[in-house]
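Throw the hints in and build the complete structure from the sequences for me.
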Amino acid sequence: MSDRDPEAGTDSTPDDDPGLDADPDVDVDGATSDARFGDDPEKRRFLRGIASEIRADSSESKQVAAFLQRVSDLYDPAEDTSPEEIYRNVEHIVETKSRGGLDR
Numbered sequence: 001m002s003d004r005d006p007e008a009g010t011d012s013t014p015d016d017d018p019g020l021d022a023d024p025d026v027d028v029d030g031a032t033s034d035a036r037f038g039d040d041p042e043k044r045r046f047l048r049g050i051a052s053e054i055r056a057d058s059s060e061s062k063q064v065a066a067f068l069q070r071v072s073d074l075y076d077p078a079e080d081t082s083p084e085e086i087y088r089n090v091e092h093i094v095e096t097k098s099r100g101g102l103d104r
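Residues 1 to 104 in full-length UniProt numbering are what the sequence shown spells out, letter by letter.
A portion of the hints provided could be inaccurate.
[Said to hold, decoys possible] Simulated DEER-style distance windows between Cβ atoms:
{"hint": "1", "residue 1": "Ser61", "residue 2": "His92", "range": "12 to 20 Å"}
{"hint": "2", "residue 1": "Glu95", "residue 2": "Glu42", "range": "28 to 36 Å"}
{"hint": "3", "residue 1": "Thr96", "residue 2": "Asp57", "range": "13 to 21 Å"}
{"hint": "4", "residue 1": "Glu42", "residue 2": "Arg99", "range": "32 to 40 Å"}
{"hint": "5", "residue 1": "Arg88", "residue 2": "Ser58", "range": "18 to 26 Å"}
{"hint": "6", "residue 1": "Val94", "residue 2": "Lys43", "range": "23 to 31 Å"}
{"hint": "7", "residue 1": "Leu102", "residue 2": "Ser58", "range": "16 to 24 Å"}
{"hint": "8", "residue 1": "Asn89", "residue 2": "Glu53", "range": "18 to 26 Å"}
{"hint": "9", "residue 1": "Asp57", "residue 2": "His92", "range": "19 to 27 Å"}
{"hint": "10", "residue 1": "Arg88", "residue 2": "Gly49", "range": "20 to 28 Å"}
{"hint": "11", "residue 1": "Leu102", "residue 2": "Glu53", "range": "39 to 47 Å"}
{"hint": "12", "residue 1": "Glu79", "residue 2": "Leu102", "range": "20 to 28 Å"}
None of these hints come from the bench; they were simulated from the model.
Using N, Cα and C, we set each Cβ at its ideal position, and we do this for glycine too.
Next up, the structure:
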């Protein structure tokens, strides 16, 4: 899918500009900056508190709560995760759900 740029007269996509979605805290090899994610008990408690509050019976609320829990792991030195790993995991969950679940 592309967006038509009326001034340029050409089709453009977000992939046309490699810097469009660039995260300044992720280098080209995908390594995260230690300054952004480290031991931060306050952020960890805050995110986990929200996750606990929004967790309900619906699968959507459980998924969002699980996502927040994983994001809070970025601020826990005992956990081994990265933003990229969390993104891939959430993307997989969304794709699986959109296909109607896991084939068993």
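**Prompt:** Hints broken by the structure, by number, lowest first?
**Reply:** Structure breaks hint 11 only.
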